[in-house]
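Peer 1: Sequence:
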Amino acid sequence: MSWTEERVAQLRQLWGNGKSASEIAEILGGVSRNAVIGKAHRLELSGRPSPIKRKDGEDEEEGVATTTVAAEAPPAVEKVPAKPVPERKSGGATILNLTERMCKWPIGDPRDKDFHFCGKAAHGNLPYCAEHAQIAYQPPGKRRDDDRTILRA
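Here the sequence shown is numbered in our numbering, starting from 1 and rising by one per residue.
Don't take every hint at face value.
Stated by the list, open to error - Ranges between beta-carbon positions, derived for each pair: (1) 113 with 139: 30 to 40 Å; (2) 45 with 99: 52 to 62 Å; (3) 47 with 125: 49 to 59 Å; (4) 97 with 135: 18 to 28 Å.
Read the hints as simulated data drawn from the structure, not as lab findings. A virtual CB, placed ideally from N, CA and C, is assigned to each residue, including glycine.
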């Protein structure tokens, strides 16, 4: 489906009459609701009022006043870390000074200020030091080994 001049004109008329994007898509045929919304946006057609219904007796001004009050006095919430921040034992490495031959095991939460990588010498061709490689690359479980033994028999 292409947007011909006739279809664009019909879209403009239906949009101006207050039809919903779903209704317009159904009337035009061969086009989705999202395509109608996208085309209306590109044509810079007027915005729509919110489809959310207000409770009876609630004025628009009351909603604004409530929002303003809420913005002025946010509830006091103290940020408590979920877990203690580990200390850098070997100094660690940041993303800026991490090299190919350094352990890339992340230490801490990436959103925290002192987030870093292990930074010790990488083990062999692995991206981690020997200690972190043992955690990352666990040997197959005993049950899996038993299954392989049964298959070989």
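Peer 1: Hint by hint, say whether it matches the structure.
Peer 2: How the hints compare with the structure:
Separation of residue 113 from residue 139 is about 36 Å and conforms to the stated range, judged on CB atoms against 30 to 40 Å. A beta carbon spacing of about 54 Å between residue 45 and residue 99 agrees with the range 52 to 62 Å that was offered as a hint. In this structure the supplied range 49 to 59 Å holds for residue 47 paired with residue 125, their Cβ-Cβ distance being about 57 Å. Remark: the range hint 18 to 28 Å for residue 97 to residue 135 is upheld by a beta-carbon distance near 23 Å.
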